[in-house]
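Enquirer: The whole structure should be built from the sequences, with the hints applied where relevant.
Read in order, the letters of the sequence shown are residues 1 to 619 in full-length UniProt numbering.
Hints are computed from structural coordinates only; laboratory data are not their basis. Some hints could be false.
[To be verified] Each computed SDA-like pair below joins lysine to any residue, with the alpha-carbon atoms no more than 25 Å apart:
{"no.": "1", "residue 1": "K352", "residue 2": "P23"}
{"no.": "2", "residue 1": "K25", "residue 2": "S389"}
{"no.": "3", "residue 1": "K121", "residue 2": "R238"}
{"no.": "4", "residue 1": "K278", "residue 2": "K442"}
{"no.": "5", "residue 1": "K413", "residue 2": "Q379"}
{"no.": "6", "residue 1": "K195", "residue 2": "D178"}
{"no.": "7", "residue 1": "K375", "residue 2": "D403"}
{"no.": "8", "residue 1": "K132", "residue 2": "K281"}
{"no.": "9", "residue 1": "K547", "residue 2": "Q482"}
{"no.": "10", "residue 1": "K296", "residue 2": "T137"}
{"no.": "11", "residue 1": "K25", "residue 2": "P38"}
{"no.": "12", "residue 1": "K414", "residue 2": "E392"}
{"no.": "13", "residue 1": "K310", "residue 2": "I264"}
{"no.": "14", "residue 1": "K323", "residue 2": "P234"}
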Amino acid sequence: MGQLIVTDKDKCNLSYTCVRVCPAKAIKIADKYAQILPDRCIGCGQCVTMCAQQAIQYRSDVEIVKSLIGQNDKVAAICDPAISGEFTDVADYRKFVAMIREIGFDIVTEMSFAVDLVAYKYKDLVDSFQGKHYITTKCPPVVSYIEKQEPELVENLAPIVPPYIAMAKIIHKRYGDDVKIVYLTACTAAKDEKKQFYHTDGHIDGVLTFVELRQLFAQKGITEKTVEFSEFDPPLGRKGGLFPISHGLFQAVDINQGLLEGDIIITEGRTNFLQSIKEFKQENQLNQHLDLFYCKGCIQGPGTSQGGKKFTRRSQVIKYVNKRMKAIDAYQWRLDIEEFKTLDLNRNFKSKDIRLPIPSKEQIDAVLADMGKSKQEDQLGCGACGYPSCREFAVAHLQGLTDYEQCYTFSIKKLRSYVNKVNASNEKYRKTQEALVISEEKARVEEKLAREAAETTTAMLNKLRAGVVIVDEGLNVIEANQRFVEMIGDDAREIAEVVPGLKGAELKSLVDFHKVFASVLQSGQDVLERDVEFANSIINVSVFTIKRHEIVGGIIRDLITPEVRKEEVIKRARDVIKENLETVQQIAFLLGESASKTEKTLNSIIEAQQLGEKHGSGK
Numbered sequence: 001m002g003q004l005i006v007t008d009k010d011k012c013n014l015s016y017t018c019v020r021v022c023p024a025k026a027i028k029i030a031d032k033y034a035q036i037l038p039d040r041c042i043g044c045g046q047c048v049t050m051c052a053q054q055a056i057q058y059r060s061d062v063e064i065v066k067s068l069i070g071q072n073d074k075v076a077a078i079c080d081p082a083i084s085g086e087f088t089d090v091a092d093y094r095k096f097v098a099m100i101r102e103i104g105f106d107i108v109t110e111m112s113f114a115v116d117l118v119a120y121k122y123k124d125l126v127d128s129f130q131g132k133h134y135i136t137t138k139c140p141p142v143v144s145y146i147e148k149q150e151p152e153l154v155e156n157l158a159p160i161v162p163p164y165i166a167m168a169k170i171i172h173k174r175y176g177d178d179v180k181i182v183y184l185t186a187c188t189a190a191k192d193e194k195k196q197f198y199h200t201d202g203h204i205d206g207v208l209t210f211v212e213l214r215q216l217f218a219q220k221g222i223t224e225k226t227v228e229f230s231e232f233d234p235p236l237g238r239k240g241g242l243f244p245i246s247h248g249l250f251q252a253v254d255i256n257q258g259l260l261e262g263d264i265i266i267t268e269g270r271t272n273f274l275q276s277i278k279e280f281k282q283e284n285q286l287n288q289h290l291d292l293f294y295c296k297g298c299i300q301g302p303g304t305s306q307g308g309k310k311f312t313r314r315s316q317v318i319k320y321v322n323k324r325m326k327a328i329d330a331y332q333w334r335l336d337i338e339e340f341k342t343l344d345l346n347r348n349f350k351s352k353d354i355r356l357p358i359p360s361k362e363q364i365d366a367v368l369a370d371m372g373k374s375k376q377e378d379q380l381g382c383g384a385c386g387y388p389s390c391r392e393f394a395v396a397h398l399q400g401l402t403d404y405e406q407c408y409t410f411s412i413k414k415l416r417s418y419v420n421k422v423n424a425s426n427e428k429y430r431k432t433q434e435a436l437v438i439s440e441e442k443a444r445v446e447e448k449l450a451r452e453a454a455e456t457t458t459a460m461l462n463k464l465r466a467g468v469v470i471v472d473e474g475l476n477v478i479e480a481n482q483r484f485v486e487m488i489g490d491d492a493r494e495i496a497e498v499v500p501g502l503k504g505a506e507l508k509s510l511v512d513f514h515k516v517f518a519s520v521l522q523s524g525q526d527v528l529e530r531d532v533e534f535a536n537s538i539i540n541v542s543v544f545t546i547k548r549h550e551i552v553g554g555i556i557r558d559l560i561t562p563e564v565r566k567e568e569v570i571k572r573a574r575d576v577i578k579e580n581l582e583t584v585q586q587i588a589f590l591l592g593e594s595a596s597k598t599e600k601t602l603n604s605i606i607e608a609q610q611l612g613e614k615h616g617s618g619k
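Expert: Laid out in structure tokens, this is it:
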């Protein structure tokens, strides 16, 4: 069915308004938007009504209701009496009854009769007082809050179903258990609370807020001008129509709640609700029942159109009830009460304790210190983060609900520090630019010289009749002359066509006498005039150190080639070796000088590039 309340992260601008109004710590700031935690949410909808960006929305049941109406079963609507306060733009209540029927509802009832019935249950509870004080359970967010946040008060919840569930029981008894029921209300929490009654005779199939009801009217083109008058289906209520207003429930059964004789505290609104719960739990002197609305009465519920005026809506509800009272058959009402008073209107509650652990003072102080708020005067709090004080913010942070960036003063200090660093970087950048221009020019000159030296070295190597190869500590070829390539065979020639001089090739994969090179790299001792068999030939290998343990060179001569007569090998060996060694040493010297210049050139380029990147990240 999906989560009741969700956030569109693309619309969220992190104003933290939702955090400020949430009583259940059910909103976590993460991934740069406000996330609703479904297990903690009580469905009050305050975040929905307070979000100016309309980034937070509740789950819609419009499509579910359309599907129900499209089936063969009868579908009944239960109207919350607050509907008269919502549709102030409709001249007569009989018009919006007709408009609801036009959507496709077979039965349209009003919840006020169920309020009358439930009110008698509360009257019995008050009249038979045995020392235990109760909290009314007509408001779904109140029940959810106590089950989750104040589980020790679960036993004080009045064990009576909310009026809309009582009305569902009445409809099923009078019109049949197979009737599908949709509740039209100002309450968003009812969308989830109804799940608790799925397997009872008070089961509800869908909940539409008044805003969603208006959407259906608009989709179907239904207005008061397109319909005729229509009355609610029975049973009809009396003073239960005052339910959306404070005191309305108990006025339905004429319970007097004057200041001197009343034993019920009746209040509404988030602040009063939280304070009354706190005092009910902690203060021994508060020996009274609590009748609570989380919202400012159902007439201001989150499912109503925004911008509605509370006292205008209140006035409309009272006028509506007065008008209905004059038309209701009192005798029939009493008969209906008698018919349904035996219904089971009891319910049970379950502790769902999801309170977060309270961190220690030391942990809180450590967070405050990290935020630069060690001093008491820095902890008063501006409230911008959504929490009333810096200490409460620190608690929420330790509970995993906030991050430091949510604190404006912390973010401003961090921004100032960043600006100072940027200014310092700009000065360095100016100096770096000048150095960079010089370095780039120098690097281009040195790169050219290095390239020319490398070309000279390669040309010299290719003049030699012996094979020459130079490798690094990993036995990867640094340079090899054409004679070496020809001696190795076809595989080497193919590689050389793609990579001149076999640069980067693995010596291990080219020759099986690579261990001689590995030995010289490891020991640092040259190996001269070693004869080895290779490719059906005998070759003479001399390996010498160019850079100890890092670079070695090798001279390879084929002793049975036509160019070298076998009988002259011994006589000429020493002269040839001496000559080749001198040549290779000259080459090594050139390579060393070229490598030195190349290293300087590359280092200059790297330093210049690093300065540029550092400046770019600073901006």
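Enquirer: Against the structure shown, which of the earlier numbered hints fail to hold, in ascending order?
Expert: 4
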